[in-house]
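These protein sequence lines are chains A and B, in that order. Per the numbering used here, residue 34 is the first one in the first sequence, and the count goes up by one each step. Per the numbering used here, residue 201 is the first one in the second sequence, and the count goes up by one each step.
Hints in this document: simulated from the structure, not taken from any laboratory. Note that the structure is a prediction, hence the values are computed from the model and not measured. It is possible that part of the hints are untrue.
As the list claims (entries may be wrong) - Within a straight-line C-alpha distance of at most 25 Å, the following computed SDA-like cross-link-like pairs (lysine to any residue) qualify: (1) A:Lys208 - B:Thr336; (2) A:Lys154 - B:Lys347; (3) A:Lys120 - B:Lys489; (4) A:Lys82 - B:Arg397; (5) B:Lys347 - A:Arg95; (6) A:Lys120 - B:Asn395; (7) B:Lys487 - A:Asp153; (8) A:Lys208 - B:Gly220; (9) B:Lys282 - B:Arg305; (10) A:Lys154 - B:Arg572.
As the list claims (entries may be wrong) - Take a look, some chain A residues computed to stay more than 12 Å from chain B by CB distance: (11) Ser161; (12) Ser172; (13) Gly186.
Using N, Cα and C, we set each Cβ at its ideal position, and we do this for glycine too.
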Amino acid sequence: MSAQREGASQADPLSHASRGNVGEIPYEPVFVGAMRDELNALLGRYPNKMAALLPALWMVQRERGWVSEEAMVEVAQLLELTPAYVKGVVTFYTMYHQHPVGRYFIQVCTTSPCLACGADKVVESLLSQTGCGDLGATSPDGRFTVIEVECLGACGFATPIMVNEEFIESVTPEKVPQILTRFK
Amino acid sequence: MGYPHKSHPKETPILSKYFGEPQARTLEGWKQRGGYRALQQALGMTPADIVNVVKESGLRGRGGAGFPTGMKWSFMKPGDGKAHYLCVNADESEPGTFKDREIMRWTPHALIEGTAIGAYAIGAETAYIYIRGEFTEPLRIMEDAVKEAYAAGLLGANAMGSGKRIDVHVHRGAGAYICGEETALMNSLEGRRGNPRIKPPFPAVAGLFGLPTTINNVETLAAVPHILNNGAAWYKAMSLSSPKSTGSKLFSVCGNVTRPGNYEVTMGYPFKDFLYDMCGGPLPGRKFKAVIPGGSSVPIQSMEEAESTLMDYEGFVAKGTMLGSGGVIVFDDSQCMVRHIARLARFYAHESCAQCTQCREGTAWTTKIMERIEAGQGTFQDFETLLEIGDNMTGKTICVLSDSCAVPVVSGLQKFRHEFEAHITGKRCPFRTAAAA
């Protein structure tokens, strides 16, 4: 877990600065040093710069925990796109966070095959055990955010959940407390 | 092999033979299991000869449409002076389907080998494997395997010393079911919103970056090395029913069933035997009620229909549905079909890219009505409205996501109308009340 991500989750998510709109806290570019080298290497895979947009946004999220509007501007400049275009792409895809989320972002599959195996009970258990209470809300300690997602593509291992980049199969309400102890 | 279970004696484990064996993931382990012999052989053949072998084998696309693979490859004209591309569709997102995930998790080099052969056969120097963003483990495994293949000279400017360039890159999606649609996938790869494109032009004429492109499913490409190693006749002979459906096929099984997992059978295998024997039948004390055999976009079957079905492209069509992606979703008698159809409608409403009015409005409207019926507040008039919306959503949009939303609703109303009616006459969900009591 990067220091930046922890910082982002501790900030007041409603403040101007943490939403990345106004430069009260100076914006530090993502693509410097090794990150810039990594992006340059990626560019070699494609015949134009725009094709590196999704990978570049993934790099931003890996470093900062979310994709701020200022990061969109930075990516736009590097790939010779407009910030509006980049925002249009970011908002199309569900996995780019457009605001800070809890330190551990939990996605629970509740599409039909998992629902048939009790995914709704897994959601209930996660919401109560994390203290999030509601879907999409972050727990008071800033640790967790829980959301429902559409099919995670592991239907035979119902119910799959994702905690940040970690994929966990065959979750039941009974297993939830044990699983959560791993994420401090 | 029915991963996570042991192989069933009636399976035909070809693609799944090494599922569950971590050693098969490494290049060395894969070579010990006969890996990269087919690529070596292919690089000594002409592209046209490879296309002919694949044509002769009868291999058809395993992603859902079942288009003959050799014919698709033959649309790519070599020597046209343009760059060609191969896209590998690893955006497996169809509810009920999780076979490509297992291929990538356990046998990443099988996919790389098939991809390299496919790229060479269509005159492409570059192939992109587009993996859905949620598949973090398959993504890492594929990236490691690609690195290994480059380091060993199997890929790159001089693939296996052939003097031919074959580059393979892994590209991560970011959460959008629609990117499994081939033209949406290409838009997404180009760094755009994943909106499907109007066809024509077809990808073979103007695909990725506006250049001739072939797009194949993971399972399709993973089968290609086996066809080259064993011959087209060997593959073609694997067929228990229709001669138009050949080879082995991975079926993912999920829902209310004793042993969910991936099972590989010869085309034409009896569905009844598959469900009750191979997959272990229903859970104790339960009965099967309905099956969606090819991922959530194909019509729901009653058990009567399912039990007389033979598992191939023609066999599923003969029993009112489709083979699709091979994602078998099983529901038992504890499940409310109205609830599941409402949930599937919500899935399509969430995943609609919103380009076409019929889909954007139709998926949302269908979901509202279905959820209202499920909550016990529906009317009999709703049935007519659902069918009328469904009619307006079918065959009228750029891609088939819209049609796919109408499919469970229309087939559900045909086959489980009594459950819909019970929600309206009883003004509540009969299943939910029974569970609460």
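_Holds or violated: Lys487 of chain B to Asp153 of chain A, with C-alpha atoms at most 25 Å apart_ = 22 Å, holds
_Minimum Cβ distance from Ser161 of chain A to chain B greater than 12 Å, as the annotation requires_ = 19 Å, holds
*Are all C-beta atoms of chain B more than 12 Å from that of Ser172 of chain A?*
Since the minimum Cβ distance to chain B is about 22 Å, Ser172 of chain A lies beyond 12 Å and the statement holds.
*Under the criterion that the straight-line Cα-Cα distance not exceed 25 Å, is the pair Lys208 of chain A, Thr336 of chain B satisfied?*
22 Å, holds
*Interface-negative label, Gly186 of chain A against chain B, beta-carbon threshold 12 Å*: The claim breaks: Gly186 of chain A does not keep its Cβ more than 12 Å from every Cβ of chain B (closest is about 5 Å).
_So if I understand the rule, the pair passes when the alpha-carbon distance is 25 Å or less; does Lys120 of chain A with Asn395 of chain B pass?_
15 Å, holds
*Hey, Lys82 of chain A versus Arg397 of chain B, does the alpha-carbon distance stay inside 25 Å?*
Measuring from Cα to Cα gives roughly 21 Å; hence the hint holds.
_For Lys154 of chain A and Arg572 of chain B, compute the direct alpha-carbon distance and say whether it is at most 25 Å._
22 Å, holds
*Do the alpha carbons of Lys154 of chain A and Lys347 of chain B lie within 25 Å of each other, as the hint requires?*
41 Å, violated
*Could you grab the alpha-carbon distance between Lys208 of chain A and Gly220 of chain B and see if it respects the 25 Å cut-off?*
Measuring from Cα to Cα gives roughly 24 Å; hence the hint holds.
*Between Lys282 of chain B and Arg305 of chain B, is the straight-line Cα distance small enough, at 25 Å or below?*
34 Å, violated
*Mind checking the alpha carbons of Lys120 of chain A and Lys489 of chain B for me, to see if they're no more than 25 Å apart?*
Not OK: Lys120 of chain A and Lys489 of chain B at ~45 Å, beyond 25 Å, violated.
Hint violations for this structure: numbers 2, 3, 9, 13, all remaining hints satisfied.
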